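*Asks:* Okay, here's what each chain looks like letter by letter:
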Amino acid sequence: MRLDRRALVLAGLLSPIAAFAEQFAGKYNPLADPVGDGLWMVRGADEAIGFANGGAIANSAIIATDAGAVLFDPGVSREHGLALGALAQRLTGKAVGRVYVSHLHPDHAMGAAAFDPAIVHALPATRAELERDGEGFSDAMYRLLADWMKGTAVVLPQGDLSDGQAEFGGRKFRLLALKGHSGGDLALLDEATGTLIAGDLVFHDRAPSTPHASLPDWRKSLDVLAALPHRLLLPGHGPIDRDGSAIAQTRDWLDWLEATLRDSVAQGFDMSEAGELPIPPRFAALKAARYELQRSVSHFYPALEAELLPRL
Amino acid sequence: MRRLTIAALSSVASFVVAANAQAAPVDPLKSPMWEHHAARLFGSDKIVFDPRVAVRIPEIAENQRVFPVTVDARSVPDVRRIVLFADLNPIPVALDYRLAEAEPFVATRIKLDQRTPVRAAVQTADGTWHVGGAWIDAAGGGCSAPPVSRVKGDWADHLGEVRGAQWLEKAGETRLRMTFRHPMDTGLVENIPAYNIEHLSIRDDSGKSLGEMEIFGSVAEDPAFTVVVNARGAISFEARDSAGLRFPGKVGA
Numbered sequence: 001m002r003l004d005r006r007a008l009v010l011a012g013l014l015s016p017i018a019a020f021a022e023q024f025a026g027k028y029n030p031l032a033d034p035v036g037d038g039l040w041m042v043r044g045a046d047e048a049i050g051f052a053n054g055g056a057i058a059n060s061a062i063i064a065t066d067a068g069a070v071l072f073d074p075g076v077s078r079e080h081g082l083a084l085g086a087l088a089q090r091l092t093g094k095a096v097g098r099v100y101v102s103h104l105h106p107d108h109a110m111g112a113a114a115f116d117p118a119i120v121h122a123l124p125a126t127r128a129e130l131e132r133d134g135e136g137f138s139d140a141m142y143r144l145l146a147d148w149m150k151g152t153a154v155v156l157p158q159g160d161l162s163d164g165q166a167e168f169g170g171r172k173f174r175l176l177a178l179k180g181h182s183g184g185d186l187a188l189l190d191e192a193t194g195t196l197i198a199g200d201l202v203f204h205d206r207a208p209s210t211p212h213a214s215l216p217d218w219r220k221s222l223d224v225l226a227a228l229p230h231r232l233l234l235p236g237h238g239p240i241d242r243d244g245s246a247i248a249q250t251r252d253w254l255d256w257l258e259a260t261l262r263d264s265v266a267q268g269f270d271m272s273e274a275g276e277l278p279i280p281p282r283f284a285a286l287k288a289a290r291y292e293l294q295r296s297v298s299h300f301y302p303a304l305e306a307e308l309l310p311r312l
Numbered sequence: 001m002r003r004l005t006i007a008a009l010s011s012v013a014s015f016v017v018a019a020n021a022q023a024a025p026v027d028p029l030k031s032p033m034w035e036h037h038a039a040r041l042f043g044s045d046k047i048v049f050d051p052r053v054a055v056r057i058p059e060i061a062e063n064q065r066v067f068p069v070t071v072d073a074r075s076v077p078d079v080r081r082i083v084l085f086a087d088l089n090p091i092p093v094a095l096d097y098r099l100a101e102a103e104p105f106v107a108t109r110i111k112l113d114q115r116t117p118v119r120a121a122v123q124t125a126d127g128t129w130h131v132g133g134a135w136i137d138a139a140g141g142g143c144s145a146p147p148v149s150r151v152k153g154d155w156a157d158h159l160g161e162v163r164g165a166q167w168l169e170k171a172g173e174t175r176l177r178m179t180f181r182h183p184m185d186t187g188l189v190e191n192i193p194a195y196n197i198e199h200l201s202i203r204d205d206s207g208k209s210l211g212e213m214e215i216f217g218s219v220a221e222d223p224a225f226t227v228v229v230n231a232r233g234a235i236s237f238e239a240r241d242s243a244g245l246r247f248p249g250k251v252g253a
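Protein chains in written order, with UniProt numbering: chain A, 1 to 312; chain B, 1 to 253.
Hint data in this document are derived by calculation from the structure and do not stem from the laboratory. In this text, all values refer to a predicted model and were calculated from it rather than measured experimentally. Incorrect hints may have been included.
Stated by the list, open to error - Derived CB-CB ranges, DEER-like:
1. A:R290 <-> B:V148: 43 to 51 Å
2. B:A156 <-> A:R290: 49 to 57 Å
3. B:G207 <-> A:V224: 25 to 33 Å
4. B:G140 <-> A:P124: 25 to 33 Å
5. A:R132 <-> B:I192: 47 to 55 Å
6. A:E131 <-> B:G207: 51 to 59 Å
7. B:E101 <-> A:F24: 52 to 60 Å
Stated by the list, open to error - A partial selection of chain B residues facing chain A, derived with a Cβ cut-off under 10 Å:
8. P58
9. N63
10. V66
11. G164
12. W167
13. A171
14. G172
15. R177
16. T226
17. R240
18. G244
19. L245
20. P248
Claimed, not checked - The list that follows gives simulated cross-link-like pairs (lysine to any residue, SDA-like), each with its CA atoms no further than 20 Å apart:
21. B:K250 <-> A:G26
22. B:K152 <-> A:K220
23. B:K152 <-> A:E131
24. B:K152 <-> A:A303
25. B:K152 <-> A:S264
26. B:K250 <-> A:G136
27. B:K152 <-> A:F300
28. B:K170 <-> A:G268
29. A:K287 <-> B:I60
30. B:K170 <-> A:S264
31. B:K250 <-> A:R90
32. B:K250 <-> A:Q267
33. A:K220 <-> A:W256
34. B:K170 <-> A:A266
35. B:K250 <-> A:E305
36. B:K250 <-> A:A266
37. B:K152 <-> A:H299
38. B:K152 <-> A:D133
39. B:K170 <-> A:E273
40. B:K250 <-> B:D205
Cβ coordinates follow ideal geometry from the N, Cα and C atoms, glycine included.
The shape of chain A in the complex, shown without the other chains (with noise of 0.2 Å):
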């Protein structure tokens, strides 16, 4: 014990921030890739939440209006939301006006403490749903990012969001209210440039991540965005999609893992058992894969064993 402290001492003095890496969070700062007229997308780490990335993981994008710039899911943390919000100010000359919500899950809503809540908006089912969960939520974000969390409280977004057309400072969006990915989806279509946000129902070589998916619901909104004429697609996880491929790879995921898990259990392997099996090749580039199917195991084997494993 007293080794280690002598050693961190020592290495300290030669090099304080190796020395201190590990207790305190860096900043964070977010970079914007244009997509088109006044929108650019954040690319989140195409990772697991961890220290090492500050939860910084979704990604995120910025639409510049004559009211001030939308900001569509703002981050995992109080200053994750701060830092996308002076890039946005940044790029788009105007504070933020208005910020989307596209779900419940940390890495896309937590961030929503740095903003007032008058101007957070999510469909409705989120509200509920961060209403449920969200200290939940708060709990294991400052389990796992520690000091990258500091500040940030649990702030409901207004859950007043519906289908339909959208206007706000002049910018004409079209809002899906879907659900699959969790119980209250989020998608927007930026009508000036065509390009579909998709948030976490489309992932783009980043495997998808289910832990209140219900996969009936999430391949109908996959049938609706489909169906939806747009020119570029920004996955909730993932590289900007510009050849139409993200939403068929998502389907394709979704599809082999609920076979696979129901073969699984037909054939009789326990769940880590489950989370060892072969993943195809054709998912080769797909990120974070082996851990999205160890989470799905997780979050689909029981209700599977007690629907296929024979009463007695």
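Mind docking chain B on chain A? Use the hints.
*Replies:* For chain B alone, coordinates are given in the frame of chain A:
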């Protein structure tokens, strides 16, 4: 079996056992509780860390109430007993499986109350314990939060529902899966006393025992067990809980 039960639950008993213990080998996982558990579980028996004892777990504890663990020690000859435990759980031992006509393989789900080593110790016929395991990070509350069915209030409606099936593992071997609806109350949640399945017995068609398992409150709610037995044909099993209720099942009849 009784001695392990007492030792598992009583620190007084563990000191008595510890007094006779020889020094345990240095723990590759550097667990703060290794020496304590080694002394109380294995007494003066020989202990070796053995990579052939595979403890297969996911890379993330997605749900600390239901953490899957598969123990596969089939490359260790003459295994007679498997003890599955998590060093830093308030109820460390999850199950103690005595093999009669069974392969050294068991899969189940356990609760995790914090970051902890998850280990299997298998005892061979010469008395030596072979130990394998790994650390897993986990949020708290797996043992000290109420079961989902307690929160929903429907646990009694489904208590004792048994599901199961068998598969051919390989020639002469049967893979048997069994699930039970049971709250598996730990006794660590306010105003809910301990109430758990505590024994599982597996028999062939002639009534001969294939394996016997002592089960503790750190096994997950609605427990599931997978074993491989050296028998074919009909296999029957029966779980018994701490209130004396019995939950029988038969597969391959």
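*Asks:* Taking the hints in turn, state whether each one holds.
*Replies:* Hint check results:
1. A:R290 <-> B:V148: 43 to 51 Å: 27 Å, violated
2. B:A156 <-> A:R290: 49 to 57 Å: Between A156 (chain B) and R290 (chain A), where Cβ atoms are some 39 Å apart, the hint is violated.
3. B:G207 <-> A:V224: 25 to 33 Å: Because 59 Å falls outside the window, the suggested range is violated.
4. B:G140 <-> A:P124: 25 to 33 Å: 32 Å, holds
5. A:R132 <-> B:I192: 47 to 55 Å: 22 Å, violated
6. A:E131 <-> B:G207: 51 to 59 Å: 55 Å, holds
7. B:E101 <-> A:F24: 52 to 60 Å: 58 Å, holds
8. P58: 4 Å, holds
9. N63: 5 Å, holds
10. V66: Holds, because the Cβ-Cβ distance from V66 (chain B) to chain A comes to roughly 7 Å (cut-off 10 Å).
11. G164: 5 Å, holds
12. W167: 4 Å, holds
13. A171: Result: violated, 16 Å to nearest chain A Cβ.
14. G172: Given a least distance of 16 Å, the restraint on G172 (chain B) is violated.
15. R177: At about 6 Å, which falls below the 10 Å cut-off, the nearest Cβ of chain A leaves the hint on R177 (chain B) intact, so it holds.
16. T226: Because about 4 Å separates T226 (chain B) from the closest Cβ in chain A, which is inside the 10 Å limit, the hint holds.
17. R240: Status violated, d = 16 Å.
18. G244: It is violated, given that the least Cβ distance between G244 (chain B) and chain A is near 20 Å, above 10 Å.
19. L245: For L245 (chain B), the interface hint is violated, since the closest Cβ of chain A sits about 16 Å away, which is over 10 Å.
20. P248: 8 Å, holds
21. B:K250 <-> A:G26: 58 Å, violated
22. B:K152 <-> A:K220: Given pair K152 (chain B), K220 (chain A) is violated - Cα atoms ~29 Å apart, limit 20 Å.
23. B:K152 <-> A:E131: 18 Å, holds
24. B:K152 <-> A:A303: Measuring from Cα to Cα gives roughly 16 Å; hence the hint holds.
25. B:K152 <-> A:S264: 28 Å, violated
26. B:K250 <-> A:G136: 41 Å, violated
27. B:K152 <-> A:F300: Within the cut-off at roughly 19 Å; holds.
28. B:K170 <-> A:G268: 13 Å, holds
29. A:K287 <-> B:I60: 16 Å, holds
30. B:K170 <-> A:S264: 17 Å, holds
31. B:K250 <-> A:R90: Answer violated: K250 (chain B) to R90 (chain A) is near 69 Å, above 20 Å.
32. B:K250 <-> A:Q267: 18 Å, holds
33. A:K220 <-> A:W256: 16 Å, holds
34. B:K170 <-> A:A266: With a Cα-Cα distance of about 17 Å, the restraint between K170 (chain B) and A266 (chain A) holds, given a limit of 20 Å.
35. B:K250 <-> A:E305: Holds: K250 (chain B) and E305 (chain A) sit about 17 Å apart, inside 20 Å.
36. B:K250 <-> A:A266: 18 Å, holds
37. B:K152 <-> A:H299: Satisfied, since the Cα-Cα distance of roughly 18 Å is no more than 20 Å.
38. B:K152 <-> A:D133: 16 Å, holds
39. B:K170 <-> A:E273: 17 Å, holds
40. B:K250 <-> B:D205: Within the cut-off at roughly 9 Å; holds.
Of the numbered hints listed earlier, those contradicted by the structure are 1, 2, 3, 5, 13, 14, 17, 18, 19, 21, 22, 25, 26, 31.
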